[in-house]
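Line order of the protein sequences matches chains A and B.
For what it's worth, this note's numbering labels the leading residue of the first sequence as 57, then goes sequentially.
For what it's worth, this note's numbering labels the leading residue of the second sequence as 57, then goes sequentially.
Because the hints were derived from the structure by calculation, they are not lab data.
Take these hints with a grain of salt, some might be off.
Which copy? The list can't say, so a pair holds if one copy fits it or any two copies do.
[Stated by the list, open to error] With a straight-line cut-off of 20 Å between C-alpha atoms, the simulated PhoX-like cross-links for lysine-lysine are: (1) Lys158 <-> Lys107; (2) Lys180 <-> Lys213; (3) Lys80 <-> Lys155; (4) Lys96 <-> Lys71; (5) Lys133 <-> Lys213; (6) Lys124 <-> Lys180; (7) Lys212 <-> Lys164; (8) Lys96 <-> Lys80; (9) Lys73 <-> Lys158; (10) Lys180 <-> Lys107; (11) Lys96 <-> Lys155; (12) Lys124 <-> Lys164; (13) Lys62 <-> Lys124; (14) Lys158 <-> Lys71; (15) Lys124 <-> Lys96; (16) Lys96 <-> Lys73; (17) Lys213 <-> Lys164; (18) Lys155 <-> Lys133; (19) Lys212 <-> Lys107; (20) Lys133 <-> Lys180; (21) Lys62 <-> Lys155.
There are 2 protein chains.
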Amino acid sequence: MKCLEKTLEEKNQFKGKILTLDIKTVELPNGKISEREIVKHPGGVAILAYKTDNTIILVEQFRSPIEKNILEIPAGKLEKGEDIETCCRRELEEETGYKAGKITFLGKIVTSPGFCDEYIHIFKAEDLYEGQIGGDEDEFINLHEVEVQKVKDMIKKGEIIDAKTISAFMLI
Amino acid sequence: MKCLEKTLEEKNQFKGKILTLDIKTVELPNGKISEREIVKHPGGVAILAYKTDNTIILVEQFRSPIEKNILEIPAGKLEKGEDIETCCRRELEEETGYKAGKITFLGKIVTSPGFCDEYIHIFKAEDLYEGQIGGDEDEFINLHEVEVQKVKDMIKKGEIIDAKTISAFMLI
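Bound-form chain A, shown alone:
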């Protein structure tokens, strides 16, 4: 079956500091006209940062949309024009205070392809050494060093629910 949709029109509804929201008018494969509500996001990176061979760093932070503190791997948004590896090194240091001797790209994911264009590029960081923590003054983060097997158990038990964190483990 031909699945393509043809965009007939795209009208901006909201333009914020981070997000943009558009309504797209599309022609469906059967010729019918429909509308799609689409959020545009700059995309970002997430990092499996190995403190030792079998421990990684998790960040605990308050997430306003779900009004909860949750555990995630270090992550952050791409700045305008920034390449993904630079973003990875910047976010790793800002959130954890570490620089990495070795960075490996593991793959990319799309978080909510039904309504949002956000891609997250996932990296593995090894050979960590002290850098300088901080840089984003709106972030308040607690760091945890957790065994990889413990993280996998926490995922299965529902104690870690963040999709990028869970997905990262399928890419190693």
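Chain B: place on chain A using the hints.
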């Protein structure tokens, strides 16, 4: 470190058929005032539907936000007041044409907790039998029956990038 943010005000910026976008004014742990752009989404379900002991059903569909056809496990949005298992059975039948003799809840994920409140509840469906395909006239879907090991390989190769699909495999 205390990480909570206190919401001082929440102003709606967009209200669509599916999405709502608000700007929240929050007080950070250091007393500073900041703003958060927050997308509200009804949430949904995603289903690891086992056609046989070692094959699952993937749906291929065009995703307008990323302008691509991608492979995902069957999934869909919660309707107002719908419980998650009813949604699971409805979406499974609408998207694949199958009903399930056995449904097991595997866990929930949050897709983009930095800006969105979307939770996806993931289920395993077994003992499939013929139902009736269709129901959502804006969806155009190709079905694929793929071996579980092949799906895992496709995730590692970057041929499957959808976060809920990838996450589901960490929950079995």
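*Which numbered conditions among the earlier hints are violated in the structure presented, ordered from lowest to highest?*
Result: hints 3, 5, 6, 9, 11, 14, 19 and 21 break, sorted rising.
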